[in-house]
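S.K.: Each chain, written out:
Number of protein chains: 4
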Amino acid sequence: MDYVNGPGRNHLFVPGPVNIPDQVIRAMSRNNEDYRSPAVPALTKTLLEDVKKIFKTTSGTPFLFPTTGTGAWESALTNTLSPGDRIVSFLIGQFSLLWIDQQQRLNFNVDVVESEWGQGANLDVLATKLADDKAHTIKAICIVHNETATGVTNNLATVRKILDHYQHPALLLVDGVSSICALDFRMDDWGVDVALTGSQKALSLPTGIGIVCASPRAIEASESAKSVRVFFDWKDYLKFYKLGTYWPYTPSIQLLYGLRAALDLLFEEGLDNVIIRHNRLATATRLAVEAWGLKNCTQKEEWHSDTVTAVVVPAYIDSSEIVRRAWKRYNLSLGLGLNKVAGKVFRIGHLGSLNELQLLGCLGGVEMVLKDVGYPVKLGSGVAAAAAYLQNTTPLIPSRV
Amino acid sequence: MDYVNGPGRNHLFVPGPVNIPDQVIRAMSRNNEDYRSPAVPALTKTLLEDVKKIFKTTSGTPFLFPTTGTGAWESALTNTLSPGDRIVSFLIGQFSLLWIDQQQRLNFNVDVVESEWGQGANLDVLATKLADDKAHTIKAICIVHNETATGVTNNLATVRKILDHYQHPALLLVDGVSSICALDFRMDDWGVDVALTGSQKALSLPTGIGIVCASPRAIEASESAKSVRVFFDWKDYLKFYKLGTYWPYTPSIQLLYGLRAALDLLFEEGLDNVIIRHNRLATATRLAVEAWGLKNCTQKEEWHSDTVTAVVVPAYIDSSEIVRRAWKRYNLSLGLGLNKVAGKVFRIGHLGSLNELQLLGCLGGVEMVLKDVGYPVKLGSGVAAAAAYLQNTTPLIPSRV
Amino acid sequence: MDYVNGPGRNHLFVPGPVNIPDQVIRAMSRNNEDYRSPAVPALTKTLLEDVKKIFKTTSGTPFLFPTTGTGAWESALTNTLSPGDRIVSFLIGQFSLLWIDQQQRLNFNVDVVESEWGQGANLDVLATKLADDKAHTIKAICIVHNETATGVTNNLATVRKILDHYQHPALLLVDGVSSICALDFRMDDWGVDVALTGSQKALSLPTGIGIVCASPRAIEASESAKSVRVFFDWKDYLKFYKLGTYWPYTPSIQLLYGLRAALDLLFEEGLDNVIIRHNRLATATRLAVEAWGLKNCTQKEEWHSDTVTAVVVPAYIDSSEIVRRAWKRYNLSLGLGLNKVAGKVFRIGHLGSLNELQLLGCLGGVEMVLKDVGYPVKLGSGVAAAAAYLQNTTPLIPSRV
Amino acid sequence: MDYVNGPGRNHLFVPGPVNIPDQVIRAMSRNNEDYRSPAVPALTKTLLEDVKKIFKTTSGTPFLFPTTGTGAWESALTNTLSPGDRIVSFLIGQFSLLWIDQQQRLNFNVDVVESEWGQGANLDVLATKLADDKAHTIKAICIVHNETATGVTNNLATVRKILDHYQHPALLLVDGVSSICALDFRMDDWGVDVALTGSQKALSLPTGIGIVCASPRAIEASESAKSVRVFFDWKDYLKFYKLGTYWPYTPSIQLLYGLRAALDLLFEEGLDNVIIRHNRLATATRLAVEAWGLKNCTQKEEWHSDTVTAVVVPAYIDSSEIVRRAWKRYNLSLGLGLNKVAGKVFRIGHLGSLNELQLLGCLGGVEMVLKDVGYPVKLGSGVAAAAAYLQNTTPLIPSRV
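Chains as they are written, first to last, in the UniProt record's numbering: chain A, 1 to 401; chain B, 1 to 401; chain C, 1 to 401; chain D, 1 to 401.
Derived by calculation from the structure, the hints in this document are not laboratory data. A few of these clues could be false.
It does not matter which identical chain is meant; a pair holds if it fits inside one copy or across any two.
As the list claims (entries may be wrong) - Derived lysine-lysine pairs resembling BS3-like cross-links, with alpha carbons at most 25 Å apart:
| id | residue 1 | residue 2 |
| --- | --- | --- |
| 1 | Lys161 | Lys53 |
| 2 | Lys295 | Lys235 |
| 3 | Lys371 | Lys344 |
| 4 | Lys53 | Lys242 |
| 5 | Lys242 | Lys378 |
| 6 | Lys161 | Lys52 |
| 7 | Lys226 | Lys134 |
| 8 | Lys45 | Lys328 |
| 9 | Lys340 | Lys239 |
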């Protein structure tokens, strides 16, 4: 039985879980295997090597946890910090809020730097705090690279610059859930100590792997961190890495083969081309929003996210109704507005394995729904704006036959 | 290895093979089974019963040949006719041409009634021929319900009316390849003697089943027809139908389960709703073509096909280049112009499991390609025209959660 | 690329992850969906209702964590207990050992009751401890229902009887990882407070869902338990249960549909029939081991596990070599001996979706490997013993065509 | 809905359709594609090149017909012969009988050389006929390489030797349906003019491709052959081969990708190793039959088939009951006795993607069924005989991790 069952395809434009390429679906359509046979470690070895590339790190150590992004957060925090440790954490939307909630429940001393939703992290405040912290009481900076709720991308290079400027030893922990494999991300260049993502985001897999990558400094920190942890403990993994069997507990065989296929596709297209493609589709989306006369929730261009666009609707419209109708009438899945922006924004996720015509279909659908709910949109206007941009620029697709 | 491999999905808008619903792909993802076990006959029995419904017949006998439409044509002809028999056959495009070629190579005496490509079958000529044929030398009328090359739908009810008017006993053989399960088709009401289709068309399966349905008169004719046939012989099937084992030679297990799933989906949506949906998407497509300032290859509204639209391009453009670029740049598969209309038309197939947003994506893509090749289309114009129609009418989708 | 690639099938006889029925593989072969659409909660609702049935509980509350059995353990412990709480825990093999290690690392005060590997939990000691504990310092009893490393099944009914006898309020926490859906398990009858299993065991899914079921007393305990937890916190789930959206973070869409299919298959066969089938195949396996002249690691019949048989090899043979050759030569996956019994036992997992002939193939393979490594087995002897038993008893398979 | 639905796997041991490797099932689990895009011809080109290898020909021209073996027969005959042409054809079992029936219905003058079922083709008679035929009235020799009904393999090298000895120009048409990809077959060496097979046999695909390979002499003959043919006409294919588009009508996209995967697996294992593996499993099967005290339907060792073994049961047993019970009780699919040997033999198909333990499981199952129906078999005896042989010889499996 299927619960989504209209004719034709579901148009999946939420910012996660995202569309899975058919090649990956096929690779995962298989029986279980014994993970203690020689085959699974041999496969795992290639995965761990290749996963580093999506973080742009050569010195980092990746961990593939059978968990979600929430679990990956917990792993990043508990392995590097001790209860009571002071953290500076930026609150700019629902997902940074949830991470902060987790940080507080894990008994860290969280110094929350809040911005209006739609703005990026306030890095001036960071500079001030670091300047003041001669005693190095701040143990870690926690920042969401891309806030999925508002479509805001923070500038990590600047964060690193500020840390370096003050020669501050705080660890830099980054949530790359809706950025890695889609936005420019450079773990080594930016001195990120722990970066993490989830398999169901730009990697385009099902939910089920929380990928955490730790710098040598983070690994070192994990040796003395006193937070209680077992399932999320890096130590158990490191022990099995040394044995060459890799898995302290049963991995999902299907996700391992899926990850192999997903990485192969990424590298075939070229990670940098993938990032350019995301920018291309995001730009087209933003032009459509503008053509509709609607506002981007993101307040400045520098923060525009290339993986998700949060669109502000006029006050007389409930954005949840847009999402509901899009799904019900047109089999189009859009993202709801969450928490502070509930009812006020709807979100178009444009990350993962997508192309021009899928986006135009989505934009055409959004236009019909906007009209359905009473917004005086000119049908075709957003599609026209997006298409004009797309048609003028050259798609980068892997050379085919 | 995959030969179509851009990011995102292929947009399949050729008039066959068409998109397969995911439920059907899943149903077919299986190992072989022994077709002589009790299970396969039990499954086959339900299929043969249910397949009659797509022909709207209660008295017909369906045959599931492991073949394509070309094979189904051959089965229809050789089982009902003898070499030298006179046939009236309508030539209105590439597929009727190919069928006529087959009729001639099978040594029938074919009376070809030709129309300009873009027009329907000339039924006035049929009336004249029948009126003249007091001796009933005409043994069969062969007509393509929907000519896939030009997007022309013939009026079968009128054909029957003419036959009845002259009380002519000629058999009525109908190619329903690109019509059945998508256009209104009534085997019993219209006195069709043999109707046929292919699995890869509106049934939305892979290629591999040629479905032929024979009226009692056709079955009777098969008993004396002298055309040589073995693989396509109905007799072998009828013998195994009686035994209750159904299969004179090995069927594709996967296609049987796929057909089961495809029929279940059709009946769940409702065959009549499916036909309405095809009309809805076809109307939207025609409005887009008009908005682009292009001509529909089909010369009169009465012939407009709801499964495929052939679009005439200006003389200075090579329509093949449109098809080539659509595929290369945008992963959009359109139909080429064939034979007489090669280079002059491109075709948008809108049959099978499709919905509004898939169509809008396709139309947006066509607009970009038109611009790419130098046609001064207003981007968004076709999408706007289609969307205006679609947004104003209510989609009929099976009630969901 | 596939890492297991001989001709024919892999014979998967490890005690997890186990074989996935084709119907379940098909159900999971799908794209992601928006888990915030109405469809996913509607599906989840049926799952939560039906999952209770495999625990045989009506009053329990199930949680579907995106994790493994290890994570499910952590969830069971941290939601019901506070650091320093006294636990009585039975050490009888590698998996109970690992759970105890987790209990200690989570800072509980663990009272370890050790048995020789191959024996069941020493319940006399439990009785003594409860008798002595007038002050009710013991907060929980932790017991593995079926120790996968040694093939030992503990008697939970007796545990409950002892607890009741002393009217002791300790919570009863049960690891049912390799028992639930395969062995008789009765959460409500036996007063189990938390029971847990993993999707890759008798449920016959991929790894990825840790299923935890909490009694009303456990839910109550969770309100005051002070162990730090976020990802594994029941509170977050309960909050979303109330909202009817069910998921505090992204579930695996594929596993949800897979779980639906797996439960449908279980209920179609009948949970009690499934349990009888496991006993049938296990009995056949034990008879084969006897026929080979080898010893079952499990020391008494009352502890014999119906999901895994650990076979002791003579001292001059390294059991790991048996496992290695079985895989390398015959594509047969057997379980290694772990920790104390490493090199001394190999394990035949006979849980999940298996039938008679799969087992005979496995037993035939084991015989060849035994001979390969120099054990003087009479080829065919184990198969004959197993077949004699199986042939004499009637298979219980769902009525088919 | 599934019609075969016991727990565990179906054990498919009919001589076709055979087990499909998981890699091939995965490769076929996909949507349709436009077969007129550049991708499908590019794929087809590799297939046509590689398909020649399974026929061991460099000069042959392969055709991939969307049909079954029956259709492939028809294509072989109608393209090379004219009505009334004299054919020598060997009747040795049900499948040669069916081919002869086809030859007669296609109006050839068939000179039937009959052998007792269980014997090979009577080549002495062939020699006599050729010696007598100074006028070369014999246009073709039709022979089934491996008669699937009786498990008899004919010696094609000898057929060629006899033809050469008499310098007779008759075409040599060979049904390789249950031999090619499993038995030694050498189209060029043996001067075979048309060889054919079906995808659902040793190629291990679903039913749906009839592969016909024509020698240059056969191609030449096709230019003047007068048999009526359209669907099965090589000319249409050859025309499209020249155009580089390959397909006169719609191929099954899924089977093309499946064929690619199947060929890749064959070449990876090595075609010669595949043939050795078939001999290995067949030898083990024959040893089991001997151990059971039953007779092989094949009367001499030189005719023993390595793809199917027909087992003669004592007169007091109905072999159909064996097949029925095997399926019903043990999910084991065996081949029925057909026509003259109905009720007298059952058949074990051991072709395609199989390994040792699958075979042992099957043999164990057959033993239980034999006992079920009252034959005094010693349980384990056949398995022991097979295992003794298998264990003593080294499996040839592609080197893995």
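S.K.: A separate judgement is required for each hint: does it hold in the structure or not?
M.R.: Going down the list of hints, with the structure as the test:
1. Lys161 <-> Lys53: Close inside one copy (23 Å), not across copies (57 Å); limit 25 Å.
2. Lys295 <-> Lys235: neither (47 Å within a copy, 37 Å between copies)
3. Lys371 <-> Lys344: Within one copy, since 17 Å is at most 25 Å while 37 Å is not.
4. Lys53 <-> Lys242: within (21 Å within a copy, 42 Å between copies)
5. Lys242 <-> Lys378: For Lys242 and Lys378, neither the intra-copy (61 Å) nor the inter-copy (40 Å) Cα distance is at most 25 Å.
6. Lys161 <-> Lys52: Within one copy, since 23 Å is at most 25 Å while 54 Å is not.
7. Lys226 <-> Lys134: within (23 Å within a copy, 35 Å between copies)
8. Lys45 <-> Lys328: Answer is between; shortest inter-copy Cα gap is 20 Å, intra-copy 44 Å.
9. Lys340 <-> Lys239: This pair counts as between: shortest inter-copy Cα distance 19 Å, intra-copy 44 Å.
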